[in-house]
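K.L.:
Chains as they are written, first to last, in my numbering: chain G, 301 to 834; chain U, 301 to 834.
No lab work stands behind these hints: they were computed from the structure. The structure presented is a predicted model; accordingly, all values stated were derived computationally and were not measured. Idealized CB from N, CA, C, for every residue including glycine. Do not take every clue at face value.
As the list claims (entries may be wrong) - DEER-style ranges, computed between Cβ atoms:
hint: 1; chain 1: U; residue 1: Glu336; chain 2: G; residue 2: Ser434; range: 46 to 54 Å
hint: 2; chain 1: G; residue 1: Val442; chain 2: U; residue 2: Glu336; range: 28 to 36 Å
hint: 3; chain 1: G; residue 1: His597; chain 2: U; residue 2: Asp580; range: 41 to 49 Å
hint: 4; chain 1: U; residue 1: Gln334; chain 2: G; residue 2: Ala374; range: 33 to 41 Å
As the list claims (entries may be wrong) - Just so you have them, the derived chain G footprint on chain U, three or more residues with Cβ under 8 Å:
hint: 5; stretch: 570–583
hint: 6; stretch: 744–754
Stated by the list, open to error - Listed next, the in silico PhoX-like pairs over lysine-lysine satisfying Cα-Cα at most 25 Å (straight line):
hint: 7; chain 1: U; residue 1: Lys670; chain 2: G; residue 2: Lys375
hint: 8; chain 1: G; residue 1: Lys562; chain 2: U; residue 2: Lys645
hint: 9; chain 1: U; residue 1: Lys667; chain 2: G; residue 2: Lys541
hint: 10; chain 1: G; residue 1: Lys407; chain 2: G; residue 2: Lys386
hint: 11; chain 1: G; residue 1: Lys570; chain 2: U; residue 2: Lys430
hint: 12; chain 1: U; residue 1: Lys670; chain 2: G; residue 2: Lys619
hint: 13; chain 1: U; residue 1: Lys619; chain 2: G; residue 2: Lys713
hint: 14; chain 1: G; residue 1: Lys670; chain 2: U; residue 2: Lys364
hint: 15; chain 1: G; residue 1: Lys667; chain 2: U; residue 2: Lys541
hint: 16; chain 1: U; residue 1: Lys645; chain 2: G; residue 2: Lys667
hint: 17; chain 1: G; residue 1: Lys364; chain 2: G; residue 2: Lys379
hint: 18; chain 1: G; residue 1: Lys667; chain 2: U; residue 2: Lys562
hint: 19; chain 1: U; residue 1: Lys364; chain 2: G; residue 2: Lys667
hint: 20; chain 1: U; residue 1: Lys364; chain 2: G; residue 2: Lys570
hint: 21; chain 1: U; residue 1: Lys562; chain 2: U; residue 2: Lys477
hint: 22; chain 1: G; residue 1: Lys375; chain 2: G; residue 2: Lys407
hint: 23; chain 1: G; residue 1: Lys670; chain 2: G; residue 2: Lys716
hint: 24; chain 1: U; residue 1: Lys430; chain 2: G; residue 2: Lys364
hint: 25; chain 1: G; residue 1: Lys570; chain 2: U; residue 2: Lys645
hint: 26; chain 1: G; residue 1: Lys364; chain 2: U; residue 2: Lys667
hint: 27; chain 1: G; residue 1: Lys430; chain 2: U; residue 2: Lys375
hint: 28; chain 1: G; residue 1: Lys619; chain 2: U; residue 2: Lys364
hint: 29; chain 1: G; residue 1: Lys619; chain 2: U; residue 2: Lys667
hint: 30; chain 1: U; residue 1: Lys364; chain 2: G; residue 2: Lys433
hint: 31; chain 1: G; residue 1: Lys364; chain 2: U; residue 2: Lys375
hint: 32; chain 1: G; residue 1: Lys670; chain 2: U; residue 2: Lys619
hint: 33; chain 1: G; residue 1: Lys619; chain 2: U; residue 2: Lys562
hint: 34; chain 1: G; residue 1: Lys645; chain 2: U; residue 2: Lys570
2 protein chains.
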Amino acid sequence: MKKKNLLSVLAGAVMAVGMAGVAMANAPAAPALQPEPTLTKEEFQKGQQIYFDRCSGCHGALHKGATGPDITPAKTRLKTLDALDKILFNGTDGGMPGWGKSGFMTKDETALMAKYVQIEAPMPPEWGMKEMKSSWKVHVPVDKRPTEPPKGKNWQNYFGVVERDKGQIAIIDGDTKKVLVTIPSGFATHILRTSMSGRYMFAIGRDGKATMMDLWADPPNLVAEVRTGLDARSIDTSKYKGFEDKYAVVGDYWPPHYVILKGDTLEPLKIVGTRGYTYDTNEYHPEPRVASIVASHHAPEWVLTLKETGVVLLVDYSKLNVGTVTETKINAERFLHDGGWDASKRYFMVAANARDTISVIDTVDRKLVKNIKTGTKPHPGRGANWVDPEFGPVWATVHLGEGLVSMISTDPKNPKAWTVVREWKLGGNSLFVKTHPKSKNVYCDNTINPNKSNVLTVFNIDKPTEAPREITFAKKVVHMEYDKDGGEVWVSLWDKEGEIVILDDKTLKEKARITGLNTPTGKFNVYNTQMDIY
Amino acid sequence: MKKKNLLSVLAGAVMAVGMAGVAMANAPAAPALQPEPTLTKEEFQKGQQIYFDRCSGCHGALHKGATGPDITPAKTRLKTLDALDKILFNGTDGGMPGWGKSGFMTKDETALMAKYVQIEAPMPPEWGMKEMKSSWKVHVPVDKRPTEPPKGKNWQNYFGVVERDKGQIAIIDGDTKKVLVTIPSGFATHILRTSMSGRYMFAIGRDGKATMMDLWADPPNLVAEVRTGLDARSIDTSKYKGFEDKYAVVGDYWPPHYVILKGDTLEPLKIVGTRGYTYDTNEYHPEPRVASIVASHHAPEWVLTLKETGVVLLVDYSKLNVGTVTETKINAERFLHDGGWDASKRYFMVAANARDTISVIDTVDRKLVKNIKTGTKPHPGRGANWVDPEFGPVWATVHLGEGLVSMISTDPKNPKAWTVVREWKLGGNSLFVKTHPKSKNVYCDNTINPNKSNVLTVFNIDKPTEAPREITFAKKVVHMEYDKDGGEVWVSLWDKEGEIVILDDKTLKEKARITGLNTPTGKFNVYNTQMDIY
């Protein structure tokens, strides 16, 4: 054995080729590429910032594409700077916004971004336990917090309102309509969630910063924060009996991972990576982003969606105390985005928006029930559940890409279960749909349609073939939420000098108005959020 | 909303710094590094080949370390070429072999490798479904294979013998001691496993190539092959009732993933990535290698070990047909390597060899039972189970780093359960330990000790305090396996002109000898492998 025999050497040589040469061997003959542009350090940093603000959501931190196409240099350098600039400025029919045309970027900025996307994406740094721990702050220790709810307050009817561009959360008393306090949050907070008891409210910023507010404090206050990554969209809490308020979980875009946190302090406990293989073609993907999370009420687990790989995870947290996490990986569909429970809270309905599909996940049988084509780029938020007079229980989504409400039967005994049983045409492309178990109304915004973005469309559940009513506002309107009792609907007028308009759900008349809010976006009623009423 | 307000811009600027500057911010001031050497293309390729053959097992494809230390340029360029060459040539007390001294590398080769490890490791290519599918070959379709076992043959007493350096498997009839056939396999086959029925035998090469042999053919033949990656160590099959022979699974070193294959054709069905976070410090690791796999008899799952992250996976394959795989991730200990079942097949015992630890995994309660310190670098293979006259059921391991057999009580009712209840001193550092339920002997090789590598040490189970017997051979001896009835022990004389010596287990006398084998290494009796008897 002093020397390897011939066969071993040959096998080894094959290996060396295998290890070094495979990537090249598979590459097709490359067409001529445009030269790589040069940017100054300042220009590159500006490009990086604009990319994070405007582009990475659809094209990914590594530019490999998701909802939007792959824009790595191998693709972008097939186009001239001028052609790229035109796309950036004017947008495309495929769904690319016209960033210049709409005034979000200057002419100089779209020209800069044309160059920026012809350059190899910088690999963002990792963000592990060490980085999280050093960003973790407990502002109010557990033993310094109230031990009972605030006296005389109907705190379960509080609302958390995201003041998006101001980086803060307004906590509003739903009874008095008064802003109790504003609390700083991460950058451009994406959503709020409450703990199972309702006592704590969590915010997750696009910068990966999770903040935790105590609604029993009077006024509510910021009790803890932690930066979980560099880019994030989702947060939730443990809702199963015996685990109420015990854990929180954040899903990050970058790094691609989720983090389990201690439910009363946000102390990071466990990081689980999501890098892996696409469910269909089984190709490695370096950036499967956690798009959305819901908490099960029937099992000690969370449902997480991995956008790029099209996998839904059921994450069992019940043995975390002994160092075990169980992850059921369910093949669903690529480009998963947002979703919510059906009324029974057994089925999770999630949009694979770039595939025009709603994926239905059965959390009991632990598998995909069906991928259902609905319309162009479904965007349910968490969706809305009601009982259709003809088809029984349905869950509904609106669409980014067309003015359409699609109702899917969620009654497994219905022969039409898991099909689109009814469609409503909407005036405009939409972001959100909302109703409440006590309501007969379904509200849809038309935020994406520049001509109808100030209009709220209201359908009647009991008269589903009747033309909807329309409510017109002075400003762009987005996102609806009910109060605890289901008698009021809160809608946002989305502006730097924004407002919340509160409608009487019966009469559709304005009942109250809360002014002085900066870009009010998502609104989350404590009780409805803790109980997953939508 | 045409322009972002000040706060948003500020938050964005913080983000840009966060995305781009974090890695640098955390780096300590770097000490002076040696200059990066230059290598010709030929030298680099030679270095790459030698690295794969000799270094990557301990230091990883990315040079980040595992059983051996981190040898990325940030570390290696702190040393001179001369200092590195000395280590490569002479080895270290820490366990680094003296590759020059032992004759495995020439003086020129150790000098080359000193330079090679001062250069950034090339990122090996990915290997996904497309690559696997194009390497997949079914040599004998299922409908062309025998429908019953070969007449007049005691095929369950066949042995598969790895002829390591020849890249082939010898199938030997255990009754007649005749080599029935030799079948080409991957490079330097690491292990063999049988399907649950015993009919199929699987080999996994270090080059990631899985091959499948049909023992019902007369003579046995190669029926399918697939290259699952570029570097692999482990393979097993589905053993649970109702899933017998249905699936196979390969664990790869590179890419870091496992692949589920169709049990009768090796068609790749599903790839699952293992990149993730270390169990203890929760740092991202780009290369958590699948070190070993066993198949459960009591549940539809495999136990896989991830070396670098120290995580044990229980992988449930029962819902693969509906696109669902469930992965229970159990925190164990870093640098997991090889292991096997206790006698009850409930507990999986695995070496975390660089931590001098055996981790005990309870596959029913789905958690780590205990990390047990044994000795320097335990290396159990699958270990050995017997009943100690004083301590009852034990599972035992030998050690790479010292001459020591450690017996761990595996009876959960024993107050000493999961502790080392007895130790035997061995003449030399060892690779394997073996016994059989019908035997009163425990055999250990001393392969790692240059002075005793030709000696087999035999302990008496019933007289555990008695001095062991020693059997001396003309050549280096490695790896023991029993025949189906447990009356014979087969041992390998490891040489280019190698042999298998067959001992009568009662008398320890030589009973037969099979000559003409090239570097015979692991030997796997069909029945003992299918039933996990060790």
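K.L.:
All the hints need checking, so say for each whether the structure fits it.
P.N.:
Each hint tested on the structure:
1. U:Glu336 - G:Ser434: 46 to 54 Å: The hinted range 46 to 54 Å is violated for Glu336 of chain U and Ser434 of chain G, with Cβ atoms some 32 Å apart.
2. G:Val442 - U:Glu336: 28 to 36 Å: violated, 52 Å
3. G:His597 - U:Asp580: 41 to 49 Å: Once the Cβ atoms are compared, 33 Å apart, the range 41 to 49 Å for Asp580 of chain U and His597 of chain G is violated.
4. U:Gln334 - G:Ala374: 33 to 41 Å: holds, 35 Å
5. 570–583: holds (count 11)
6. 744–754: violated (count 0)
7. U:Lys670 - G:Lys375: violated, 52 Å
8. G:Lys562 - U:Lys645: violated, 35 Å
9. U:Lys667 - G:Lys541: holds, 22 Å
10. G:Lys407 - G:Lys386: Holds. Lys407 of chain G to Lys386 of chain G sits at ~10 Å (cutoff 25 Å).
11. G:Lys570 - U:Lys430: violated, 33 Å
12. U:Lys670 - G:Lys619: This hinted pair holds, its Cα atoms lying about 16 Å apart.
13. U:Lys619 - G:Lys713: holds, 23 Å
14. G:Lys670 - U:Lys364: violated, 43 Å
15. G:Lys667 - U:Lys541: holds, 22 Å
16. U:Lys645 - G:Lys667: Roughly 29 Å separates the two Cα atoms, so the pair is violated.
17. G:Lys364 - G:Lys379: holds, 16 Å
18. G:Lys667 - U:Lys562: holds, 20 Å
19. U:Lys364 - G:Lys667: violated, 38 Å
20. U:Lys364 - G:Lys570: holds, 23 Å
21. U:Lys562 - U:Lys477: Cα-Cα ~32 Å, so violated.
22. G:Lys375 - G:Lys407: holds, 23 Å
23. G:Lys670 - G:Lys716: Status holds; Cα separation ~12 Å.
24. U:Lys430 - G:Lys364: holds, 19 Å
25. G:Lys570 - U:Lys645: violated, 29 Å
26. G:Lys364 - U:Lys667: violated, 38 Å
27. G:Lys430 - U:Lys375: Distance ~21 Å between Lys430 of chain G and Lys375 of chain U Cα, so the pair holds.
28. G:Lys619 - U:Lys364: Not satisfied, since the Cα-Cα distance of roughly 31 Å exceeds 25 Å.
29. G:Lys619 - U:Lys667: holds, 8 Å
30. U:Lys364 - G:Lys433: holds, 24 Å
31. G:Lys364 - U:Lys375: violated, 32 Å
32. G:Lys670 - U:Lys619: holds, 16 Å
33. G:Lys619 - U:Lys562: violated, 32 Å
34. G:Lys645 - U:Lys570: violated, 29 Å
When each numbered hint is compared with the structure, violations occur for hints 1, 2, 3, 6, 7, 8, 11, 14, 16, 19, 21, 25, 26, 28, 31, 33, 34.
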